[in-house]
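If you're matching them up, the sequences are chains A and B in order.
Residue 285 in our numbering sits at position 285 of the first sequence, with consecutive numbering throughout.
Residue 30 in our numbering sits at position 30 of the second sequence, with consecutive numbering throughout.
Watch out, some of these pointers could steer you wrong.
[Stated by the list, open to error] Capping the alpha-carbon separation at 30 Å, the derived lysine-lysine pairs in DSBU-like fashion look like this: (1) B/Lys118 with A/Lys394; (2) B/Lys118 with B/Lys138; (3) B/Lys207 with B/Lys138; (4) B/Lys167 with A/Lys624; (5) B/Lys34 with B/Lys118; (6) B/Lys34 with B/Lys167; (7) A/Lys342 with A/Lys167; (8) B/Lys34 with B/Lys63; (9) B/Lys193 with B/Lys207; (10) B/Lys207 with B/Lys34; (11) A/Lys616 with A/Lys561; (12) A/Lys391 with B/Lys138; (13) B/Lys207 with A/Lys258; (14) A/Lys394 with B/Lys63; (15) B/Lys167 with B/Lys118; (16) B/Lys193 with B/Lys63; (17) B/Lys118 with A/Lys624; (18) A/Lys192 with A/Lys167; (19) A/Lys395 with B/Lys138; (20) B/Lys34 with B/Lys193; (21) B/Lys118 with B/Lys193; (22) B/Lys118 with A/Lys395; (23) A/Lys624 with B/Lys34; (24) B/Lys193 with A/Lys391; (25) B/Lys167 with B/Lys138; (26) B/Lys34 with A/Lys391.
[Said to hold, decoys possible] Stretch-level coverage of chain B by chain A, calculated; a stretch enters the list once three of its residues show a Cβ under 8 Å from a Cβ in chain A: (27) 56-63; (28) 81-95; (29) 257-269.
Hints were generated in silico from the structure; no laboratory data involved.
Even glycine gets a Cβ: it sits at the ideal position worked out from N, Cα and C.
Spelled out from the first residue to the last, the chains are:
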Amino acid sequence: MTQLAEIESRLRIFCQGISGHPYQIHTIEALTEPFLHNPNRIPLVSTFNIYLPQSIEFSADDSAHRRNYHLIALQQMGYREFGTYRFNIREARQRTPWLNAIPLPPSHRESDLEVFYRHFDCPTLARRLFHLIESERVERLLLESYPGARRYREECQPHINSIHEAKRINPLDDELLSLSRVLRSVPGSDSKLVELVQPVFARTATILDSAHAVIACYRALRHLVKDGESTSSLESSLEDETVSLETLQRQAHIEEVKEQLESVDTDMAALSLLFDSEEGIESDDSNDAMAAAVAEREALNSKRELLQRQLDIEQSSVGIAPQSGSKNRTSFRYDEWDFHNKTWLRNWCLLHEIELEDCEQTDTELLLNAVRPHVRSVRRMFEQVRPTGMKRVKKQFEGDELDPTAAVDLRIDRRSGSSLDERVFTRRDRLHRDVATVLLVDLSASTDSPIQDENKVSQQIETGGTKPQDLRDPYFDDDYLNGTLEFKPLNIGDDRERRVIDVQREAILLLAMALETIHDMYAVYGFSGYGKDNVELFVAKDFNQSLTERRVAAIAAMDPKRSTRMGPAVRHAIHRLASTGSAMKVLLIVSDGFPQDCDYGPDRTDHEYGVQDTAKALQEADQKGIQSFCVTVDHAGHDYLRRMCRPDRYLVIDEVDSLPNALQGVYRRLTFR
Amino acid sequence: MTNTNGSEPFYLALDNELEVFSAAYESRLPVLLKGPTGCGKTRFVEHMAWRINNQRSNPMSAKDSLVTISCHEDLTATDLVGRYLLDHDSTFWQDGPLTRAVRNGAICYLDEIVEARKDTTVLIHSLTDHRRLLSIDKTGEVLEAHERFLLVISYNPGYQSILKDLKPSTRQRFVSLVFDYPDPEQEAIIIRKECGIDQESADQLAKFGQKVRNLRDHGFEEGVSTRLLIYAGELIRNEIPARSAIETAVVQSLTDDPEIGSALRSIADVVFP
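Just need the whole structure built from these sequences, with the hints factored in.
What follows is the structure, encoded as structure tokens:
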């Protein structure tokens, strides 16, 4: 016996290779469970799903089982490749007089296939026939297109024969079984319906040919259906179907609508570029062009709204929660470590990368005022350690100048018959730091909390004092540099309570300014989200962007959002860091609590699941040569951080206001060696 | 690596790149080729160099008509221009490949230009505008490019890091031709032509290549190159079974990851009969 779990990850890669889409693999049981009304068990996280048996056992050879898994996966992808999901009831009616003669049945959020079945007195029989005939059409095309799969098919023929043993049930089921036996190539089988199905065997057969064959077979069998008699056996035989084509068609339709939405978004983005470039230009031509562009924009807007509504309806029908749309959204899938079952949940989390822009509520000036007094000292501190200039490297095989000493030595060696050192060139090499850093900031709702001990701090400000340095922290005892920065909590004149997020923003902006000084490459990301399909990663500043006013405004716009699903955010940061190609890669995580989310573990109170997933993600960072470091302002941080990362890779800050100092200290420790 | 046997290097045009390159050459406009590894950029330049050279009344040898330089991170301006070398009792100046091409009127192809050090891109600036000059600091010579000289550079936006992007000041000196892997039908023609296998095997190799490129986000950003598929075709022509040829020429060349390797084998297993 072979379990699906044993080959699931290989199958996933195989499916992506064959189809070009990342598929999720589920067990068939997931389809039969009442998932629609139980959001915690929804398997339909994406529209590319494959449903396979939990285990397969029909031979003593496990490799045959593995091949059979591949064959079933191919068959399900075949429905997409060979157009089953493109079945369109309106087109079918136009091209089939028999269908067109019947009034279009009323439908409410049903797939086109289901509407097709409802053209018949006995929709269950039509559905049964359609599954039989269409799967045969797809399998024939599949084996034509993937000739190697014929061996897989032949291998499981004895098993197919055994489950298609002839038996007498009732006249209708007998006919269906006979047809199934013929279509599945069971020896000694025959059916009077074969002639009617023949057009489906052609290489050029389409889904419409299958529909026509269904109609022909149905008409041939209709007389065998006695109201209320055979339907129950038909229903029970349908339960044997490995996968519901109707559900898969709905999922495929969602994908189509999404693609159309993306195309509309692209058109809208192109139009907005036109608006930008035409701004300020006054001429008759440009006025005409602008009027046309405005009309086009309105048309696109209404099309977009329509598509979005359609998408929401379709998604709610198959149990996918609608997500708020955003134009600046790119999505990525990441695995998650299921600590309890010790297994990887492949492609489990959907992370949306969203570019942060300033909004009206953003008070950039307030943030700048808060950091301004410290900028000069921070910059000076980092400038002291910045490598500058060029260095001439001697003893090179190739270079731009001859090294006279080495050249003379070479002459001497040659004359004396010694072994020759031919490295006689010098070369100018630039001294530079090759560091890329991601500053990953927790934007969970809890960062909205006011900082404790606020009164005490305010009192200190009033008396002109500064907050005492935390000498217990080893990272502050930094004799590498002369003196440390004294960070004074500010926001003087602002009546609002100072929150954790305020200090996080100030600390990040100060560090960003310091990194600008030493020309290190860095990105500032915030993360939050709600649920595994809605992990949000907000890009305040990316690697290729400069720290302009707009980027500062984006940092100022980093606001408390929702939950803390840290694992996927860390994995995305790893992905981004890896693409920089820098020699040294650093991931600095600033957080205010343990990882948690509504479905981060079997239940919301299960903190260990999130901790262990994040720990795995940090291990992945280590394996990829990325130095990670967690800084938390959560007093209870020691409890879980020691399980999440190495003892020398985290820091718990007792006083939130010391965060800017802490970040700079940590950064210097990590990168100046 | 240049074509030295004098026969026309095979190249299947995928779009209007032959016409565009010829037109650019007529006006001596420098050309930038963008595209993934092994998609045929170098072969295209070889083909064009051969065509242009053979249309002349007094063609150069195929070897001299094209100078190809594969750039790497230690390649400096000195390597391109030339340097003083030691003789028995003196030094002497040795032209670098770029200087040779400028002097003799060859097409100079700098492959993967962004890999080279930054000083090389500055060096080529004066060759890519109306001046067409190469300034050799060490000798004080300012060399005017031969009227047949053309500079062609290539780079691969796919795998190079954002740090190694071409500067706009360099980019905007070139007309750009974008390359990508051919679609399966065209790729099958190329494979068949290059290795002389039957149409069916060529179709299957091209189909396999297309499937493997679907896995670009599994550690091999660029997918499989046409070059590797041609290698597999060569092995098949020499009577190595298709699956062994794929294993040797593609799977082992692309990945060391057992899971990805196994998935690639499964794909080959269903694509080949």
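Original post:
Under the criterion that the straight-line Cα-Cα distance not exceed 30 Å, is the pair B/Lys167, A/Lys624 satisfied?
Top reply: Holds: B/Lys167 and A/Lys624 sit about 29 Å apart, inside 30 Å.
Subject >> Agreement of A/Lys616 and A/Lys561 with the hint, judged by alpha carbon distance not exceeding 30 Å >> reply: holds (24 Å)
**OP:** Confirm or reject the coverage of the segment 81-95 of chain B by chain A under the rule of 3 or more residues with a beta carbon closer than 8 Å to the chain's beta carbons.
**Re:** holds (count 4)
Original post:
Hey, B/Lys118 versus B/Lys138, does the alpha-carbon distance stay inside 30 Å?
Top reply: holds (19 Å)
Original post:
Is the Cα-Cα distance between A/Lys395 and B/Lys138 30 Å or less?
Top reply: Judged against 30 Å, a Cα distance of about 20 Å means the pair holds.
**OP:** Would you check the hint for B/Lys118 and A/Lys394, treating anything up to 30 Å between C-alpha atoms as holding?
**Re:** holds (20 Å)
**OP:** Verify the proposed pairing of B/Lys34 with A/Lys391, using a straight-line Cα cut of 30 Å.
**Re:** violated (34 Å)
Subject >> Pair hint outcome, B/Lys167 versus B/Lys138 [Cα-Cα no greater than 30 Å] >> reply: Roughly 26 Å separates the two Cα atoms, so the pair holds.
Original post:
Is B/Lys193 within 30 Å of A/Lys391, Cα to Cα?
Top reply: With Cα atoms ~51 Å apart, B/Lys193 and A/Lys391 exceed 30 Å; violated.
Subject >> Restraint status (C-alpha distance of B/Lys118 to B/Lys193 at most 30 Å) >> reply: violated (39 Å)
Original post:
Is the Cα-Cα distance between B/Lys118 and A/Lys624 30 Å or less?
Top reply: holds (28 Å)
**OP:** Quickly compare the C-alpha distance for A/Lys624 and B/Lys34 to 30 Å and report which way the hint goes.
**Re:** Satisfied, since the Cα-Cα distance of roughly 29 Å is no more than 30 Å.
Going down the numbered hints, you'll see the structure goes against 3, 7, 14, 21, 24, 26 and 27, while the others check out.
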